[in-house]
Amino acid sequence: MHSQVEFIGKLIDDSKVAEQIDAWQAEDRLKTAPGGRRRIASTRTVLVLLLLLSTEYSSLFVKEMATIASDRLSGKSLRLLDLWGKKRTAREWYFPLWRALHRALNTIDPKPGKRGKFATHAEVDEILALREVAGSQRKQLRLDWVCNALLEATLQLVPEAARDEWKGDLCVDATVVPAYGKRGAPKSKTHAAIEFDAGWYRRTSSHKETADSSKAAKSVFGWDLTIAVQTNHDPKTLPGYPLLIAGIGFNIPGTALIHTARHIFESVAERGHPAGRATGDRGYYALAKSEDLQMPLRMLGYTVVTDYRDDQLGVKDGYAGSMQVEGALYCPSMPEGLVNATILYRAKEIDATTWRKRIVERRQYMLRPKEKPDAKGRVPMMCPARGPGATVNCPLVDNGCTKVDDALTTIYNAPVKPDRICTNATSVTVPVEVGAKLAQHYQYGSNEWQEIYSHDRNTIEGANGFLKDSSHEAIGDSSRRRIRGSTAQYLLVSFLVVAGNLRKLQKYRDEMLRPESDEERADRQARKLEIRRKRKNRKKRVAAWDDFQKPPAKT
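For the sequence shown, this note's numbering assigns the number 416 to the initial residue and increments by one for each residue that follows.
Just so you know, not all the hints are guaranteed correct.
What follows is a list of derived Cβ distance ranges for each label pair [as the list claims (entries may be wrong)]:
hint, residue 1, residue 2, range
1, Asp884, Gly490, 31 to 39 Å
2, Gly655, Leu702, 28 to 36 Å
3, Leu702, Glu507, 51 to 59 Å
I should point out that these hints are in silico values taken from the structure, not numbers from a laboratory.
We treat Cβ as the ideally placed atom computed from N, Cα and C, and that holds for glycine.
Please model the complete structure; the sequences and the hints are all you need to start from.
Right, here's the structure in full:
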């Protein structure tokens with residue numbers, strides 16, 4: 416037990432969370448008179464006890480912390496946690512630990528308010544108004560820093576050689592975390608829910624948002640936990656590092672998703688990690704304004720990978736005569752059948768094979784970057800008919816290309832009034848804001864895009880399921896974390912995510928320490944890759960004993 420206490424204590428010390436919370440408390444006390452009773456339990460003590468409970472998959476109750484402090488610690492552990500010489504029963508430890516926990520929460524709580532009863536709507540409005548006076552924005556920054564600093568401490572546990580293999584690729588997504596309560600939030604015209612900072616998560620059977628509870632196939636009252644998980648840079652290989660949760664956020668379902676995702680990526684970058692690809696589904700990039708998410712991420716060095724809604728397909732933007740089709744800039748003479756390929760495919764007018772072929776044909780018409788983006792994100796782009804890498808043969812361009820004509824796609828419908836992309840002999844510099852909302856790094860619909868997007872989305876869905884495992888972290892079980900308040904829930908869930916990262920690290924350590932030769936390790940990895948390759952889409956799976964559903968007889 417002591418070795419575990421020692422490890423957890425060092426992790427908390429390395430995160431500098433307890434030290435920073437104490438510093439903030441001292442800063443806040445400068446505005447009022449010092450004093451109060453002597454502290455029996457420190458911030459560090461209560462954080463270590465919380466993480467110990469999280470790693471044991473126990474309920475995060477103050478009562479359980481008191482039991483550890485009174486009965487389960489050795490003399491060495493008591494000294495390590497500054498509890499030596501303070502012999503008390505579990506009952507006597509309860510309130511000192513409760514006060515230490517709530518002192519820490521009050522220091523970082525942007526959403527204070529009494530939650531011992533169902534407040535009226537007027538009382539809730541009064542509480543919300545007082546928060547602005549109490550400096551809620553400043554404390555929100557503190558809270559986010561604390562929760563992400565705890566995660567950063569686990570990232571630093573990865574050996575440096577393995578840590579350097581990660582290229583900075585992240586996938587972001589949100590999963591619902593229920594609030595504690597038997598009935599969620601009772602309907603009332605006069606009173607609000609006890610957890611009035613939470614909200615309803617409602618989805619139909621097709622996983623679409625709905626405000627109508629009668630149409631919802633799933634309704635949960637709680638919060639959205641947004642996580643950013645590390646992903647493997649090359650999906651064709653196995654990662655040489657554990658895929659850990661690198662960033663975290665917490666908000667009411669369906670609100671502030673864009674802001675939370677941006678804050679997570681900024682937090683990861685501020686911690687000195689590389690910027691790779693930033694993968695997200697339609698709930699992020701398709702709904703965000705480019706100045707709120709896409710452009711800030713590109714300025715940090717991230718490349719966007721995402722999917723599109725139906726109304727975002729086809730030609731949506733362009734620059735200097737080129738046209739933007741599903742994120743990429745193309746020659747203005749690209750045939751209409753290729754421009755509308757994805758629209759026709761989703762309308763079921765062409766099949767998947769035809770769509771894929773047309774996506775491949777599109778590449779001939781794509782503008783090519785001449786150089787890497789500059790400090791402002793601007794990229795010089797070349798017409799596909801220019802330079803030694805030309806892919807089309809255009810009557811407007813005579814560059815003396817050495818390729819035979821059969822290797823080039825011939826353009827027959829050149830623009831009558833060509834713009835700069837057709838007339839400039841070298842390249843056209845495209846500003847970062849051009850088509851920023853829909854632009855992404857990989858050609859949409861290509862095999863490369865499909866492989867990377869599916870891999871990253873599967874990785875984060877797996878991480879969500881990993882954290883919701885009821886036998887381990889069980890972030891979906893609200894009965895194991897009953898402290899009221901959004902801030903308390905955010906902190907407790909963060910400890911559970913830290914425990915999940917430690918569980919992944921333990922598995923990674925066991926794999927690395929397995930006594931086997933290089934040939935045996937290579938053979939084991941090859942078998943894993945083969946299993947992944949053979950894995951089929953869930954919709955196409957049929958059980959070996961049939962699905963017990965016979966088609967109706969023809970009449």
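Going through the hints against the structure:
1. Asp884 <-> Gly490: 31 to 39 Å: Holds - the Cβ-Cβ distance for Asp884 and Gly490, about 35 Å, lies within 31 to 39 Å.
2. Gly655 <-> Leu702: 28 to 36 Å: Since the Cβ atoms of Gly655 and Leu702 sit about 35 Å apart, the hinted range of 28 to 36 Å holds.
3. Leu702 <-> Glu507: 51 to 59 Å: holds (52 Å)
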